[in-house]
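Chemist: Since the structure of chain A is already known, use the hints to place chain B on it.
Protein chains in written order, with the numbering used here: chain A, -1 to 112; chain B, 18 to 131.
It is worth saying that the hints were derived from the structure and are not from the lab.
Just so you know, not all the hints are guaranteed correct.
Unchecked claim - Here are the simulated EDC-like pairs of lysine to aspartate or glutamate, each with C-alpha atoms no more than 20 Å apart in a straight line:
{"hint": "1", "chain 1": "B", "residue 1": "22", "chain 2": "A", "residue 2": "36"}
{"hint": "2", "chain 1": "A", "residue 1": "15", "chain 2": "A", "residue 2": "-1"}
{"hint": "3", "chain 1": "B", "residue 1": "59", "chain 2": "A", "residue 2": "-1"}
{"hint": "4", "chain 1": "B", "residue 1": "59", "chain 2": "A", "residue 2": "36"}
{"hint": "5", "chain 1": "B", "residue 1": "88", "chain 2": "B", "residue 2": "70"}
{"hint": "6", "chain 1": "B", "residue 1": "22", "chain 2": "B", "residue 2": "43"}
{"hint": "7", "chain 1": "A", "residue 1": "67", "chain 2": "A", "residue 2": "54"}
{"hint": "8", "chain 1": "B", "residue 1": "22", "chain 2": "B", "residue 2": "48"}
{"hint": "9", "chain 1": "B", "residue 1": "22", "chain 2": "B", "residue 2": "76"}
{"hint": "10", "chain 1": "A", "residue 1": "55", "chain 2": "A", "residue 2": "28"}
{"hint": "11", "chain 1": "A", "residue 1": "15", "chain 2": "A", "residue 2": "60"}
{"hint": "12", "chain 1": "B", "residue 1": "22", "chain 2": "A", "residue 2": "54"}
Stated by the list, open to error - Partner residues aside, some chain B positions facing chain A, computed with beta carbon under 7 Å:
{"hint": "13", "residue": "42"}
{"hint": "14", "residue": "46"}
{"hint": "15", "residue": "124"}
Ideal Cβ placement from N, Cα and C applies to all residues, glycine included.
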Amino acid sequence: EAQVTQNPRYLITVTGKKLTVTCSQNMNHEYMSWYRQDPGLGLRQIYYSMNVEVTDKGDVPEGYKVSRKEKRNFPLILESPSPNQTSLYFCASSPDGRANYGYTFGSGTRLTVV
Amino acid sequence: QQQVKQSPQSLIVQKGGISIINCAYENTAFDYFPWYQQFPGKGPALLIAIRPDVSEKKEGRFTISFNKSAKQFSLHIMDSQPGDSATYFCAARGRGSTLGRLYFGRGTQLTVWP
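Only chain B is shown next, with the shape it has when bound in the complex:
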């Protein structure tokens, strides 16, 4: 059972455009929602994260929007650049009996073409 559902599976965006990746979850026992960026041949690296008591977090060109009632969150990449081409994973961290466990979405392969 996929705890975190991510879409789209792949995304092609023109340079300067906005990339949007969406995630949804069912389990309310999550307390932290990070996004990871992975380049070929590398491990995932933390990009940006948000807590559920915040509706939006922005770091440079990257913004997370969080809708607690809808159990959805999304990553927006403004002014997308070719260097942003990578695989992006959303995740949700458990609490209580699943404390610290990270559940990942299936990933979105982003291609930004010049």
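One chain only, chain A, in its complex shape:
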């Protein structure tokens, strides 16, 4: 089944403890992206990647890192999480930046930082 897989689905952590949220897609998509979803703010882009080894900042990149060493994987790294990063995170992928197929989203990771 074609899908975007995120892990974990739920995570509670403490301020300052480094964490990684994994994202993997099995559709050979070139384009991958991370979004956070907060009530009343919609989906805001954190980082995106046009292809392997190519990443760029979205609208809210502060406090996050990403890497794209393989085409299928696009992990999101929080080096020193803070409570304002408590949010629902989504990874998404698309065949490429021009494809009219839209993004395929993962099921989300709900992160709580205490």
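Modeler: Relative to chain A, chain B alone:
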């Protein structure tokens, strides 16, 4: 700065009625306008999309109307059903320096009551 403005924030419609959600944008460097549907606990899923050279697209009970000169587009759900109750997001995809980036509206929570 919100690239795509969406209204209303919430919408309650009786079964069989028409649901209408509106979006507006300022940036002309958008080339693709998708709508996403999100159920609780799930990631957003592509519902329907339109290119700016088309004024209307219909898929079943869902229709996008696009007004390029006014920089507005809307989603119409005909014969709304309780199963349509979800959060709907409009989006616009960038081109050029923002190639492939999706900018989302803040979402509309639709409730269809029997």
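Chemist: Please go over all the hints and tell whether each is borne out by the structure.
Modeler: Here is how each hint holds up against the structure:
Between residue 22 (chain B) and residue 36 (chain A), the direct Cα distance comes to roughly 16 Å. Compliance with the 20 Å bound is thereby established for this hinted pair. For the given pair, residue 15 (chain A) sits about 34 Å from residue -1 (chain A) by alpha-carbon distance, which is inconsistent with the 20 Å threshold. With a C-alpha separation of about 17 Å, the suggested pairing of residue 59 (chain B) with residue -1 (chain A) holds against the 20 Å cut-off. Under the criterion of a C-alpha separation no larger than 20 Å, the hint pairing residue 59 (chain B) with residue 36 (chain A) is consistent with the structure, at around 14 Å.
Proximity of residue 88 (chain B) to residue 70 (chain B) is assessed by CA-CA distance (about 12 Å); at most 20 Å being required, the pair is judged to hold. Of the pairs offered as hints, the one joining residue 22 (chain B) and residue 43 (chain B) holds, with about 9 Å between alpha carbons and a cut-off of 20 Å not exceeded. The hinted pair formed by residue 67 (chain A) and residue 54 (chain A) meets the criterion: a straight-line CA distance of about 14 Å does not exceed 20 Å. Between residue 22 (chain B) and residue 48 (chain B), the direct Cα distance comes to roughly 17 Å. Compliance with the 20 Å bound is thereby established for this hinted pair.
Between residue 22 (chain B) and residue 76 (chain B) the CA atoms are separated by roughly 23 Å; this puts the pair beyond 20 Å, and the hint is violated. Only pairs whose Cα atoms come within 20 Å are accepted, and residue 55 (chain A) paired with residue 28 (chain A) is accepted, the gap being roughly 17 Å. Straight-line distance between C-alpha atoms of residue 15 (chain A) and residue 60 (chain A) comes to about 16 Å, which keeps the hinted pair within the 20 Å bound. With a CA separation close to 24 Å, the supplied pair residue 22 (chain B) and residue 54 (chain A) exceeds the 20 Å bound.
Look at residue 42 (chain B): its Cβ only gets to about 14 Å from chain A, farther than 7 Å, so that hint breaks. At its closest, the beta carbon of residue 46 (chain B) sits 13 Å from a beta carbon of chain A; the interface hint therefore is violated under the 7 Å criterion. Here the hint on residue 124 (chain B) is kept, as its CB sits about 5 Å from the closest CB of chain A, short of 7 Å.
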